[in-house]
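The listed protein sequences correspond, in order, to chains X and H.
Positions 106 to 364 (my numbering) are the ones given, in order, by the first sequence.
Positions 25 to 369 (my numbering) are the ones given, in order, by the second sequence.
In short, the hints are calculated from the structure, not lab data.
Please note that a few of the clues may not be correct.
Stated by the list, open to error - To spell it out: a stretch of chain X is covered by chain H in this simulated footprint if at least three of its residues, at any positions, have a beta carbon under 8 Å from a beta carbon of chain H; those stretches are: (1) 172-181; (2) 190-196; (3) 215-223.
All of these numbers come straight from a predicted model, not from anything done at the bench.
Even for Gly, the Cβ is constructed at its ideal location relative to N, Cα and C.
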Amino acid sequence: MTPLLEIKNAQFSYNGKENIFENINFSVSNGDVFCILGANGTGKTTLIKCLNGLMRLDSGEVLLNNKNIYSLSHSEIAKNIGYIPQVHTSTFPFKVMDVVLMGRSPHLDIFESPSEKDYELAENSLKSLNIWHMKDKPYTEISGGEQQLVFIARVLAQEPSILILDEPTSHLDFGNQIRTLDIIEKLAKNGLSIIMSSHFPDHAFISANKVAIMKDKKFIDIGHPKKVINEFNMEQTYGINVKIVDVNGRKACIPLKIK
Amino acid sequence: MYKFNISEKLGAHRISVTILLLIPLIILFFASFLIGRYPISPPDVITVFISKILPVQSTLPPSLETVIFQIRLPRILAAMLVGASLSIAGAAFQGLFRNPLVAPDKLGVTAGAGFGAALAIILSLGAVMIQIAAFIGGLIAVTLTYLLSRTFKGTSMLTLVLTGIAVESFFAAMIALSKYVADPYLQLPTIVFWLLGSLASVNNQDLLMMGPPIIIGIIILLMVRWRINVLSMGEEEAQTMGVDTKKLQAIIIISCTVISASAVSICGIIGWIGLVIPHVARMIVGPDHKVLLPASIILGAFFLLLIDDISRTITSVEIPLGILTAIIGAPFFLYLLGKSKEVWS
Numbered sequence: 106m107t108p109l110l111e112i113k114n115a116q117f118s119y120n121g122k123e124n125i126f127e128n129i130n131f132s133v134s135n136g137d138v139f140c141i142l143g144a145n146g147t148g149k150t151t152l153i154k155c156l157n158g159l160m161r162l163d164s165g166e167v168l169l170n171n172k173n174i175y176s177l178s179h180s181e182i183a184k185n186i187g188y189i190p191q192v193h194t195s196t197f198p199f200k201v202m203d204v205v206l207m208g209r210s211p212h213l214d215i216f217e218s219p220s221e222k223d224y225e226l227a228e229n230s231l232k233s234l235n236i237w238h239m240k241d242k243p244y245t246e247i248s249g250g251e252q253q254l255v256f257i258a259r260v261l262a263q264e265p266s267i268l269i270l271d272e273p274t275s276h277l278d279f280g281n282q283i284r285t286l287d288i289i290e291k292l293a294k295n296g297l298s299i300i301m302s303s304h305f306p307d308h309a310f311i312s313a314n315k316v317a318i319m320k321d322k323k324f325i326d327i328g329h330p331k332k333v334i335n336e337f338n339m340e341q342t343y344g345i346n347v348k349i350v351d352v353n354g355r356k357a358c359i360p361l362k363i364k
Numbered sequence: 025m026y027k028f029n030i031s032e033k034l035g036a037h038r039i040s041v042t043i044l045l046l047i048p049l050i051i052l053f054f055a056s057f058l059i060g061r062y063p064i065s066p067p068d069v070i071t072v073f074i075s076k077i078l079p080v081q082s083t084l085p086p087s088l089e090t091v092i093f094q095i096r097l098p099r100i101l102a103a104m105l106v107g108a109s110l111s112i113a114g115a116a117f118q119g120l121f122r123n124p125l126v127a128p129d130k131l132g133v134t135a136g137a138g139f140g141a142a143l144a145i146i147l148s149l150g151a152v153m154i155q156i157a158a159f160i161g162g163l164i165a166v167t168l169t170y171l172l173s174r175t176f177k178g179t180s181m182l183t184l185v186l187t188g189i190a191v192e193s194f195f196a197a198m199i200a201l202s203k204y205v206a207d208p209y210l211q212l213p214t215i216v217f218w219l220l221g222s223l224a225s226v227n228n229q230d231l232l233m234m235g236p237p238i239i240i241g242i243i244i245l246l247m248v249r250w251r252i253n254v255l256s257m258g259e260e261e262a263q264t265m266g267v268d269t270k271k272l273q274a275i276i277i278i279s280c281t282v283i284s285a286s287a288v289s290i291c292g293i294i295g296w297i298g299l300v301i302p303h304v305a306r307m308i309v310g311p312d313h314k315v316l317l318p319a320s321i322i323l324g325a326f327f328l329l330l331i332d333d334i335s336r337t338i339t340s341v342e343i344p345l346g347i348l349t350a351i352i353g354a355p356f357f358l359y360l361l362g363k364s365k366e367v368w369s
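Work out the full structure, taking the sequences as your base and the hints as a guide.
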């Protein structure tokens, strides 16, 4: 099967001198959940922004269905790749429904407004996440967990084949983190490919089928979580001692106290 | 039941609020014909209008028709047009810059127009040339802002606004310089009055000249109004939702600039409307630009027409509009600021 998104020899720098990352290679196919782990400031967000054309690689290629992503317009990319940023700063208290409708914009012409069909798609995606009841609430006045669901609903209304999430669980409480991972897993089962960055190795165990560790500008390891997330790699990445345990068949990553 | 659902989904109730807003505007439109030194009764206004549409012989004196069509109608239309222009441009800019404190003059259009007019007055050019100079001055100032900001690294919207502030203050200084060198008896008063804003001398020719660019600009803004929602979520986020942000920003900036420059060239500098009316509209219809822009047009037209009617009636010498909009607009804005938690999260 040809991969949906393929990254070849990716290299990027902000100032033309010091590379943020180099020699990055990976690919995702239908139903993959690809998780990028790495310490703060390793360039995960920068890499993610290069994947959907927000930033441009200095060298290397990002291939979407075998087409170079830089040859595509924003709307052509957005029809295939949905994106939820790490932080969102709100300005206007739009209603939840209006926010979800925005996901329809790659399918609409610049002079077009959403039609009845777009409202129906937005309605369906709100209902699929069980948040239809909050459609008329201002999205600025709901909890962080609910807001995350609204952004997922928006991205679903966009009908992409790939979903990129930048640290989707970092602002959420314990329960909402797991609920978000559950949604991600279900979306992947329905055929969506997921790329996400995370600070929690456990989250890769829970939902990912592929994981990469970013360190010193490179992926130091890439593969199935059970292979990649090991005590040695975790120590290398985060500089702390880690114990990997097995809880009824599910692996978990326990950080140990610094002595 | 099903039908009701659909109309609710399409936000028809919010659109109907916009239509409701039209009613006071229409009433004020007709009432405004009654105001002025030459007394006209309501039945006379109705008769004159009917005689224009239907082949009914009017028994009223022709001077009355002249007052209505040559003097009051252009002024009323100009007030509505200018009010609508500044308001829709303000609403669009606030969405574009994601900032509630932005008014249409933020990129230097009014200061540039003011300098253009002042220069034309110093050069003793005619009324039409003053208008054209103001229009061109406004366009030049915004073009300068845009080009300058492009030369800086990272062309964010914030860079654009900051560049606009610099350009604005440069042209403000040029206006001050023009006043300083102007003939204090002949030219200075003209410059001062022009800058304070007035609709007293508006005629049909002004409307024919400046109306079309304003209307085209308004239509374009209305066409992209839903996309302003997406853009107001932030440039990067809008891009990930498929918006060609550079193109959309350029469309909005060009439309707003043409609209504001035309409005300013008709009636001088009228502040506050572009800042305050979008806030009022947002309080009534909510932040969705799809409804906000039409609502801003109607409220802006209503507000400036009302202010102009007040300026025509309260004293025998007309008070410049720029003064009245600030006297009425500033307390109103402070009142809104007190309630701002409801508008801005």
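Status of the hints after comparison with the structure:
Only when three residues or more bring their CB closer than 8 Å to a CB of chain H does the claim for the region 172-181 of chain X stand; here the count is 4, and the claim holds. Coverage of a stretch by a chain is defined here by at least three residues with a beta carbon nearer than 8 Å to that chain's beta carbons; for the region 190-196 of chain X and chain H the count is 5, and the condition holds. For the region 215-223 of chain X, the stated coverage by chain H is satisfied: 6 residues place a CB nearer than 8 Å to a CB of that chain, which reaches the threshold of 3.
No hint from the list above goes unmet by this structure.
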